[in-house]
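Q: Please build the complete structure, drawing on both the sequences and the hints.
Protein sequences, first through last, are from chains A and B. Going by this note's numbering, the first residue of the first sequence is number -6, and it counts up by one from there. Going by this note's numbering, the first residue of the second sequence is number 250, and it counts up by one from there.
Don't read these hints as lab results, they were simulated from the structure. These figures come from a predicted structure and were not determined experimentally. For each residue, glycine too, the CB sits at the ideal point set by N, CA and C. Careful: at least some of the hints might be erroneous.
Said to hold, decoys possible - Cβ pair distances, simulated, as ranges:
| no. | chain 1 | residue 1 | chain 2 | residue 2 | range |
| --- | --- | --- | --- | --- | --- |
| 1 | B | Ser350 | A | Glu59 | 16 to 24 Å |
| 2 | A | Lys51 | B | Gln266 | 43 to 51 Å |
| 3 | A | Leu39 | B | Asn301 | 43 to 51 Å |
| 4 | B | Trp271 | A | Thr44 | 26 to 34 Å |
| 5 | A | Leu0 | B | Glu317 | 37 to 45 Å |
| 6 | A | Thr44 | B | Lys293 | 21 to 29 Å |
| 7 | A | Glu57 | B | Asp323 | 36 to 44 Å |
| 8 | A | Leu0 | B | Thr362 | 39 to 47 Å |
| 9 | B | Leu288 | A | Ile53 | 21 to 29 Å |
| 10 | A | Thr105 | B | Asp323 | 31 to 39 Å |
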Amino acid sequence: AQSVTQLGSHVSVSEGALVLLRCNYSSSVPPYLFWYVQYPNQGLQLLLKYTTGATLVKGINGFEAEFKKSETSFHLTKPSAHMSDAAEYFCAVSRAHQGAQKLVFGQGTRLTINP
Amino acid sequence: EAGVAQSPRYKIIEKRQSVAFWCNPISGHATLYWYQQILGQGPKLLIQFQNNGVVDDSQLPKDRFSAERLKGVDSTLKIQPAKLEDSAVYLCASSLDSGTSYEQYFGPGTRLTVT
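A: Okay, structure coming up:
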């Protein structure tokens, strides 16, 4: 069964510093992987996704993630943090269920940006 | 393009009372999802519709939760009777179709507090 583990429920970085949010997955089949962002009192918004092909995926707002099969990881990075990046971030893996997609989410990482 | 609409945004009820949530997906989206997001956790899929048929309701507590999607458009999720552990944000999402390549778009959610 697919599952996702996000290392660190809370990450704090200074404005302009590197952002690194960690995600490890468990999947018995080649996974489809996603990162979502959730701002306060809002729904989730897709940042980026990996399905097949290039293992370095670029998303919105300057974020990118690299799929590493040997490490079963899909860590999210951004070279320089901005105050507006403060939010909750969720990693998710997709699995097929009766021909449809089912997303299994990690528990989330809250990102705080210090001025 | 209008996003996924949900109402109400907030609801406070006492245990053993009933409550209903409403979702209007993006126009033309065949697939509709209801998720439960307990504080400090990632969203958990409760039920998935394809048009007006149920694709996956394996994690829906059917003794108290029910959902319908009449005419394959709007959907309602009902809890009767509510328990304290039902306190959560209920997210509705929709996608053009059910395959992995189709992005899920999330509504702002309904925050339910059961006292």
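Q: None of the hints should be skipped; say for each whether it holds.
A: Against the structure, the hints:
1. B:Ser350 x A:Glu59: 16 to 24 Å: 20 Å, holds
2. A:Lys51 x B:Gln266: 43 to 51 Å: Roughly 47 Å apart at Cβ, these two residues keep to the hinted range, so it holds.
3. A:Leu39 x B:Asn301: 43 to 51 Å: 26 Å, violated
4. B:Trp271 x A:Thr44: 26 to 34 Å: Since Trp271 (chain B) and Thr44 (chain A) have Cβ atoms about 32 Å apart, the given range 26 to 34 Å holds.
5. A:Leu0 x B:Glu317: 37 to 45 Å: At roughly 39 Å between Cβ atoms, Glu317 (chain B) and Leu0 (chain A) fall inside 37 to 45 Å, so the hint holds.
6. A:Thr44 x B:Lys293: 21 to 29 Å: 23 Å, holds
7. A:Glu57 x B:Asp323: 36 to 44 Å: Once the Cβ atoms are compared, 37 Å apart, the range 36 to 44 Å for Asp323 (chain B) and Glu57 (chain A) holds.
8. A:Leu0 x B:Thr362: 39 to 47 Å: Cβ of Leu0 (chain A) to Cβ of Thr362 (chain B): about 30 Å, so the range 39 to 47 Å is violated.
9. B:Leu288 x A:Ile53: 21 to 29 Å: 26 Å, holds
10. A:Thr105 x B:Asp323: 31 to 39 Å: 37 Å, holds
Checked against the numbered hints listed earlier, the structure breaks hints 3 and 8; every other hint is satisfied.
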